[in-house]
Amino acid sequence: MKYIDPHVHMVSRTTDDYQRMAMAGCVAITEPAFWAGYDRSGEGFRDYFIQLTENEPKRAAQYGIQHFTWMSINPKEADDPVLAREVISMIPSFLEKPNVLGIGEIGLNKNTKNELQILEEHIALAVEYNQLILIHTPHLEDKLKGTLLIMDVLKQFSQIDRGRVLIDHVEEHTVEHVLNQGYWAGMTLYPDTKCTPERATDIIEMFGEERMWLNSAGDWGPSDPLAVPKTRLEMQKRGHTQKTIEKMSFENPCRFLSQSKKFHLNLES
Amino acid sequence: MKSSYNCPSNRKRVIDLYFLEHRAKLLDIASFLDRIQRADPLEEKEDNFRLKALKNALHLLIDDEPNKTKRILESLSDQDSEVPQSALGTKGAMGAPKEIKK
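Residue numbers (the working numbering), protein chains in the order written: chain Z, 1 to 269; chain V, 1001 to 1102.
Among the clues, some could well be false.
Unchecked claim - No more than 27 Å apart at the CA atoms, straight line, and that leaves these computed lysine-lysine pairs for BS3-like:
| hint | chain 1 | residue 1 | chain 2 | residue 2 |
| --- | --- | --- | --- | --- |
| 1 | V | 1091 | Z | 113 |
| 2 | V | 1045 | V | 1012 |
| 3 | V | 1068 | Z | 113 |
| 4 | V | 1098 | V | 1012 |
| 5 | V | 1012 | Z | 243 |
| 6 | Z | 237 | V | 1025 |
| 7 | Z | 237 | V | 1098 |
| 8 | Z | 247 | Z | 2 |
| 9 | V | 1025 | V | 1055 |
| 10 | V | 1070 | Z | 230 |
| 11 | V | 1045 | V | 1055 |
| 12 | V | 1052 | Z | 247 |
| 13 | Z | 237 | V | 1068 |
| 14 | V | 1052 | V | 1012 |
| 15 | V | 1012 | Z | 230 |
| 16 | Z | 261 | Z | 97 |
| 17 | Z | 243 | Z | 230 |
| 18 | V | 1098 | Z | 230 |
| 19 | Z | 155 | V | 1070 |
| 20 | Z | 237 | V | 1012 |
| 21 | V | 1025 | V | 1012 |
| 22 | Z | 58 | Z | 261 |
| 23 | V | 1091 | V | 1052 |
| 24 | Z | 230 | V | 1055 |
| 25 | Z | 2 | Z | 97 |
Treat the hints as calculated values from the structure; they're not laboratory data.
My request is simple: use the sequences and hints to build the entire structure.
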């Protein structure tokens, strides 16, 4: 069965991971701009955006996987408004690249005023260029407060279609807030933080399959690029139908991402 | 929320599928708490704030109310409404708020 991993940071992974994902049925991934583990310079970002839009699609294609991406300065670096504005100013030229689907991942990390200001500026950019939005919610003790703050900022943009915004990394204490306000919700499958395959399956059982997707958010930290197929196996083990499993791991990401005219799957390739 | 019976497996099957895995996780928590007791506290006279938060959450684990995961996550969340200007270089999270608000 084919699947999409709609949030995975493949520049941090080896080609062996592409091979394993392809063997598990992965046909496409989307890669939001991410923190490298250290704060970069503006020029460092330009190189990174070139990597995301030119090099990584070629690496993925070697394994029959289509590569799409999102542009932003990640919330972990957005607490520095000078750097953040320098990076935001270079984003518009990259939005024209054929694999760029929107603005992301933007949001909050430590729930600061600086981060909130840069979030607003990112959203304004997405509105100006009519882009999809992928939102990162903070980690651990900061998640609940940050998720609510993010939705307060989004509310200020009355022109935004909430069905074109995905709020990622939801857990049991935030998923209902996100879905009730009309946004899409992403469940990230991590070994220690965020959701496990078992808890993600619980959330699907409690809140249904509408406006939700699963992703590995595989990166340079503890993470698992095969987390989506492992969750499909967990759903199967628990007695979910193939239709439900396919909806969560393929149809729903297709539905959300197809709102960008650049998202086309070539399943014959 | 849908019906409270929304898991496609029946209760006996859920227990059969997951009991041993969670028995092992329970022992992991017990041995973690034992390990802390066996460790030199150095200057820490009182329980660390993260350990306090964990012990607080354990009470929620054994009550008879539903939605334990959600309630534990809320108990481990920052409830402070203050928004600082900057994190001053802090990037990471600790897993529990510095002060538990009940």
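Now for the hints, and whether the structure bears them out:
no. : hint            : in the structure
1   : V/1091 x Z/113  : holds, 15 Å
2   : V/1045 x V/1012 : violated, 45 Å
3   : V/1068 x Z/113  : violated, 32 Å
4   : V/1098 x V/1012 : violated, 40 Å
5   : V/1012 x Z/243  : holds, 25 Å
6   : Z/237 x V/1025  : holds, 20 Å
7   : Z/237 x V/1098  : violated, 39 Å
8   : Z/247 x Z/2     : holds, 11 Å
9   : V/1025 x V/1055 : holds, 16 Å
10  : V/1070 x Z/230  : holds, 23 Å
11  : V/1045 x V/1055 : holds, 17 Å
12  : V/1052 x Z/247  : violated, 41 Å
13  : Z/237 x V/1068  : holds, 23 Å
14  : V/1052 x V/1012 : violated, 34 Å
15  : V/1012 x Z/230  : holds, 23 Å
16  : Z/261 x Z/97    : holds, 12 Å
17  : Z/243 x Z/230   : holds, 16 Å
18  : V/1098 x Z/230  : violated, 35 Å
19  : Z/155 x V/1070  : holds, 25 Å
20  : Z/237 x V/1012  : holds, 14 Å
21  : V/1025 x V/1012 : holds, 20 Å
22  : Z/58 x Z/261    : holds, 21 Å
23  : V/1091 x V/1052 : holds, 23 Å
24  : Z/230 x V/1055  : violated, 31 Å
25  : Z/2 x Z/97      : holds, 26 Å
The structure is inconsistent with the numbered hints 2, 3, 4, 7, 12, 14, 18 and 24, although it conforms to all the rest.
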